[in-house]
Amino acid sequence: MSQFVEEDRAATTFRVNREVFTSPEILELERQLIFDKTWIFVGHASEILVPNSFLLRRVAGRPVIFVRDSSGQLQVLLNACRHRGAEVCRVPSGEAKTFTCFYHGWAYRNNGDLVHLPDAGAYGPGFDRSRMGLDKPPHVAEYRGFVFANFDPDAGRLEDYLADSRYLLDLIADQSETGMRVVPGVHSYWMNANWKLLMENSVDGYHAVTVHQTYFEMMMNLGVRPGLARPQDPNAPKTRGAGIDLRHGHATTMSWPGRAGALALLTDDHAKQMYAARQADLARRFDPRQVEKIVNTARNTLYFPNFVTVDLTFGIQLRTMWPTAPDTTEITGWLITDPELDDELQEARLDNALTFWGPGGLATPDDVEALEQCQRGFAVRRESPWSNLSKGLGRDVPDMSDELPQRAFWREWNRRICGEKLPYEGTPYPEVAALPVYASASAS
Amino acid sequence: MSPTSLDRPASAAVDAMLVQREVEAFLYRESELLDEWRLEEWLDLFTEDCRYDVPAPDRPRGTAGQTFSLIHDGRTMLEQRVIRLKKPTAHAEFPHSRTRRMITNVRVEESEGGGLDVKANFAIHRYRNWTHVLFVGEYLYRLVRAEGGLKISYRRATLDLEVLNPEGKVSIII
Numbered sequence: 001m002s003q004f005v006e007e008d009r010a011a012t013t014f015r016v017n018r019e020v021f022t023s024p025e026i027l028e029l030e031r032q033l034i035f036d037k038t039w040i041f042v043g044h045a046s047e048i049l050v051p052n053s054f055l056l057r058r059v060a061g062r063p064v065i066f067v068r069d070s071s072g073q074l075q076v077l078l079n080a081c082r083h084r085g086a087e088v089c090r091v092p093s094g095e096a097k098t099f100t101c102f103y104h105g106w107a108y109r110n111n112g113d114l115v116h117l118p119d120a121g122a123y124g125p126g127f128d129r130s131r132m133g134l135d136k137p138p139h140v141a142e143y144r145g146f147v148f149a150n151f152d153p154d155a156g157r158l159e160d161y162l163a164d165s166r167y168l169l170d171l172i173a174d175q176s177e178t179g180m181r182v183v184p185g186v187h188s189y190w191m192n193a194n195w196k197l198l199m200e201n202s203v204d205g206y207h208a209v210t211v212h213q214t215y216f217e218m219m220m221n222l223g224v225r226p227g228l229a230r231p232q233d234p235n236a237p238k239t240r241g242a243g244i245d246l247r248h249g250h251a252t253t254m255s256w257p258g259r260a261g262a263l264a265l266l267t268d269d270h271a272k273q274m275y276a277a278r279q280a281d282l283a284r285r286f287d288p289r290q291v292e293k294i295v296n297t298a299r300n301t302l303y304f305p306n307f308v309t310v311d312l313t314f315g316i317q318l319r320t321m322w323p324t325a326p327d328t329t330e331i332t333g334w335l336i337t338d339p340e341l342d343d344e345l346q347e348a349r350l351d352n353a354l355t356f357w358g359p360g361g362l363a364t365p366d367d368v369e370a371l372e373q374c375q376r377g378f379a380v381r382r383e384s385p386w387s388n389l390s391k392g393l394g395r396d397v398p399d400m401s402d403e404l405p406q407r408a409f410w411r412e413w414n415r416r417i418c419g420e421k422l423p424y425e426g427t428p429y430p431e432v433a434a435l436p437v438y439a440s441a442s443a444s
Numbered sequence: 001m002s003p004t005s006l007d008r009p010a011s012a013a014v015d016a017m018l019v020q021r022e023v024e025a026f027l028y029r030e031s032e033l034l035d036e037w038r039l040e041e042w043l044d045l046f047t048e049d050c051r052y053d054v055p056a057p058d059r060p061r062g063t064a065g066q067t068f069s070l071i072h073d074g075r076t077m078l079e080q081r082v083i084r085l086k087k088p089t090a091h092a093e094f095p096h097s098r099t100r101r102m103i104t105n106v107r108v109e110e111s112e113g114g115g116l117d118v119k120a121n122f123a124i125h126r127y128r129n130w131t132h133v134l135f136v137g138e139y140l141y142r143l144v145r146a147e148g149g150l151k152i153s154y155r156r157a158t159l160d161l162e163v164l165n166p167e168g169k170v171s172i173i174i
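Taken in sequence, the protein lines are chains A and B.
Just so you know, we're using this note's numbering here: the first sequence kicks off at 1 and counts up by one.
Just so you know, we're using this note's numbering here: the second sequence kicks off at 1 and counts up by one.
Among the hints, a few may not be true.
Stated by the list, open to error - The list that follows gives simulated cross-link-like pairs (lysine to any residue, SDA-like), each with its CA atoms no further than 20 Å apart:
1. K87(B) / A208(A)
2. K293(A) / L341(A)
3. K87(B) / A363(A)
4. K86(B) / V211(A)
5. K87(B) / M220(A)
6. K272(A) / R284(A)
7. K136(A) / N52(A)
To be verified - Each pair of labels, with its calculated beta carbon distance range:
8. T63(B) / D269(A): 18 to 28 Å
9. R100(B) / T100(A): 39 to 49 Å
10. E36(B) / A379(A): 26 to 36 Å
11. E177(A) / T63(B): 24 to 34 Å
12. E147(B) / D269(A): 32 to 42 Å
13. V209(A) / R100(B): 32 to 42 Å
These are computed hints drawn from the structure, not numbers from a lab.
Cβ coordinates follow ideal geometry from the N, Cα and C atoms, glycine included.
Looking at chain B on its own, in the form it has when it is part of the complex (with noise of 0.2 Å):
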């Protein structure tokens, strides 16, 4: 049978289907490594050039680099950040949080270089010490392929808490 003329516009459709349920099993895995604390296996989701960054609450939109944001790791910091919160001696996070991460609205965009621009929302409900604080933003990705899967090379968690309380510690992962 000839090729009919809804053969190509269908196959970019499950292309995308594909693409989008590729990126979000690849969300939940990583959601799933985070709220086991299994954080060398989830630095391992990254690039070498890495970047992650959060905000301050106040300048959601702030440039990275030149404004006093709460987060601004590159690889380094970030495999520092992992080093430290395995350890006992990281006093905020001894005993560990338990967390519980809902990822939702995951929109994909194939972007410049074969890579993808993934935004997607978050809840994060954490306890500890008989508090629970709900985080709540928009996470923006830079994935890319590389071997072995997709790799992060930016991410990006927006909080759109005015004030972080009912406490103030973003000691986890977000």
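So that you can see chain A by itself, here it is in the shape it has in the complex (with noise of 0.2 Å):
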């Protein structure tokens, strides 16, 4: 059994020691095995759509220029000089063919070509301008609009890796039939926590009614009901929606038809409208079974190792982390969006979103509070080490409030860090998809 991660299934006990949120060797081991090692999301295609188009990027500690090149190609460039390695770029996005180091001047296109240094003749003929443009991480693959990079040179396929979390970057992009596209504006801030802690956050669906009570009180005040989407089917099953373990340590917490809405500040009016325009559009392209997941259920989605996505009624946010030390994470949010709805909805959507997520939210900065404050727990880890995360061990279709999700991404985390293997959990994506509860008919 591995030191950090404990799993008894006999026992229904599953913990995680807490060594792991705070040991500087342990962050080391996770650069080295894990981000050095996974595919790590750069960034949506829709953020740069015009050639020559770029932005700057931080990829598992790496400084990238994600660009789209003058031929219309995708690109994620290092950004440091072949030369003495001064980054090349230093401004956050605009529009640029070509990156010149002010150092010495050493010039690179925009697909990462050097194109130019002064003095060139003073170099001798075993110097290959050819082989001196910007590096590149050796893997760079887009599934549906989302770039991940991946360093390892001996990486396998992104689909491969992505294994049944594919199919949830998929009802993001179906739910737009010219493409998704980035709402301008990032949320990009700090936490004095440790990463993972987010990263459990990000799918937890157990701490919603605590953490973030004053919201659902906010809610009550300006008298909007939950789940206002759609009625409850009266046959619907008693829990709320479903734990899936996607493989790989990907996971997603997701609800059940006609459940999404809990979080919804739209009026009754926007939700009707909203889900009759979407609704009509989908069914056009989808059959209704799909239709009733894309539209009319909540997920909360991790892609191992630290990328988010959270598709509420009201909008979606995609979110990574980066740990800069044991206790402080970089954290960045965009929101992502249907560009059909009209005006009125989208700027209802966005104005909702920005209410609960982010920064000036009114529930972010209480998920940030319960993680720091678990930090600061963590100083007893010696009399008090582990963390417990048996809620749901064992049912066969874990609740969405279970902590399936958080155990899907510490077994592969322990399969990486310390090389044990545990079996996957619960009931995979294609078998939950399948089950009675989506064919409920989306026309009612």
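Join these two chains into a complex; the hints should help.
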């Protein structure tokens, strides 16, 4: 059994040693064995729609230029001059055909090729300019607009890595026929807690009532009932939804149809209008069961190691995190939306989204507070070494508020850090997706 | 004595000084209410159709309502924000942060319709959980004259921070 992750299915117990949240040695192992070996989210294709548009980003700790080159090809360029290492691009976003290092003037085309260096004649015949372009991650791949990089030369295919989590990306990408768009504006903020605590929290259906009590009270003050999108089916299951192990460390917690609106502030009219508009469009393109999943469920999904999508009726957030220290995390949040929705709905959703999410929202600061309090509590890790994540262990289809997604994350973490392979849990996505609950008529 | 040619400009200058003084006193008063967590009284400084915006740090000039800003509150949500912040279950602010606001470089311009467009610089020191956070930026106000004095119809706090660190909870009013 590994030193850090203990699972005992007979005793329905799953626990994680708190050392993993505090140890600099563990962080170094995570960088080598996880961040340097897995597919890391870079950005969404819609962020750089026009040729020559670029933005700077940090991917697994590396500064990169995420750019659409002059030929329209997406590129991820390592932002360090091949000459002496200075960052060649210092503007956070914009349009450029070339990037010129200001130190000695080496200039690169936006596909990475070296096009100019001052006093080039001084370099001998062994200097091969064609091999001196900006370096790139060994692998970059896109899945339906979501762009990932992998720094492991021996990495396998992105689609294989994503396993069943690609179905959850489909449920986002399928919302727009012309392509989902990232909304301008990035939430970039730090928290004083370990990055894995936010991965856990991002798929945690257990904390909502306690941590976000004031958010629900605000909803009630405004006369908003939960579950506005549709009346609940009297034959619906007793649980709110399912926790699903998507394999390879990815997992989701997904509501049953009609249970998606728990956090939506949209008025009845807005909700009905939006539901009708989206439903009609989707019904042209997908079968009714898929339409139900796309438009009428809520889902929080984690993609190992550090990417999250939270797809709720009022908006879709993308989120990544990067550990700058064991107890410090840099968090980046974006919104992605369906550009076909009309302006009024777009603004209503955007308002709702930022009222809930982000540093100034009425919910996210309380999440961050909880995680920072955990980090402080870990000072007792010698006397009280274990965090417990046993809720719902052993159920065939764990509920939305069970801790299956966190366990799925930790099993993969454990496999990569400690080399121990534990079996998957629960019912796989294709089987959950085939349950009768999704067959309820969309037209009702 | 007959009026001299200097009277008119002199009185305009005095008027401007009085307005400047009035606006500064208003902003200082507002800061005091916020630092003392007298948020219900602070809310009374706003008009019924007010708005409070905090743009995303990477889009300081972004159009509110079309960008993923940090805060975009109308009157209703501003009231709810205040109600929430006064509860012990608003975990991020319980116990409350200690704050101290420095408001400087106040610039006042008369705007159309008798209102005032005000810019000011701010530095807000916030202490909580043994962490010091400094929020620095610029305010933009639209103030209007109402019964009982000036009221805020628009208030935008634009942060100069590129990334919200060392910690990112904008759970106080900035």
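The hints, checked one at a time:
The hinted pair formed by K87(B) and A208(A) meets the criterion: a straight-line CA distance of about 17 Å does not exceed 20 Å. Annotation: proposed proximity of K293(A) to L341(A) holds, straight-line Cα distance about 18 Å (limit 20 Å). Restraint check: the Cα-Cα separation between K87(B) and A363(A) comes to about 14 Å, which is no more than 20 Å; the hinted pair holds. The hinted pair formed by K86(B) and V211(A) meets the criterion: a straight-line CA distance of about 15 Å does not exceed 20 Å.
Simply put, K87(B) and M220(A) have alpha-carbon atoms about 15 Å apart, close enough for the 20 Å limit, and the pair holds. Straight-line distance between C-alpha atoms of K272(A) and R284(A) comes to about 18 Å, which keeps the hinted pair within the 20 Å bound. At roughly 17 Å between alpha-carbon atoms, K136(A) and N52(A) fall within 20 Å of each other, so this suggested pair holds. Between T63(B) and D269(A) the Cβ separation comes to about 25 Å, which falls inside the hinted range of 18 to 28 Å.
Taking the beta carbon of each, R100(B) and T100(A) are about 44 Å apart, inside 39 to 49 Å as hinted. The supplied range of 26 to 36 Å is met by E36(B) and A379(A), whose beta-carbon atoms lie about 33 Å from each other. Restraint check, E177(A) to T63(B): a C-beta distance of roughly 26 Å satisfies the suggested window 24 to 34 Å. As the Cβ distance of E147(B) to D269(A) is approximately 35 Å, the hint placing it in 32 to 42 Å holds.
Between V209(A) and R100(B) the Cβ separation comes to about 35 Å, which falls inside the hinted range of 32 to 42 Å.
Of the numbered hints given earlier, the model fails none.
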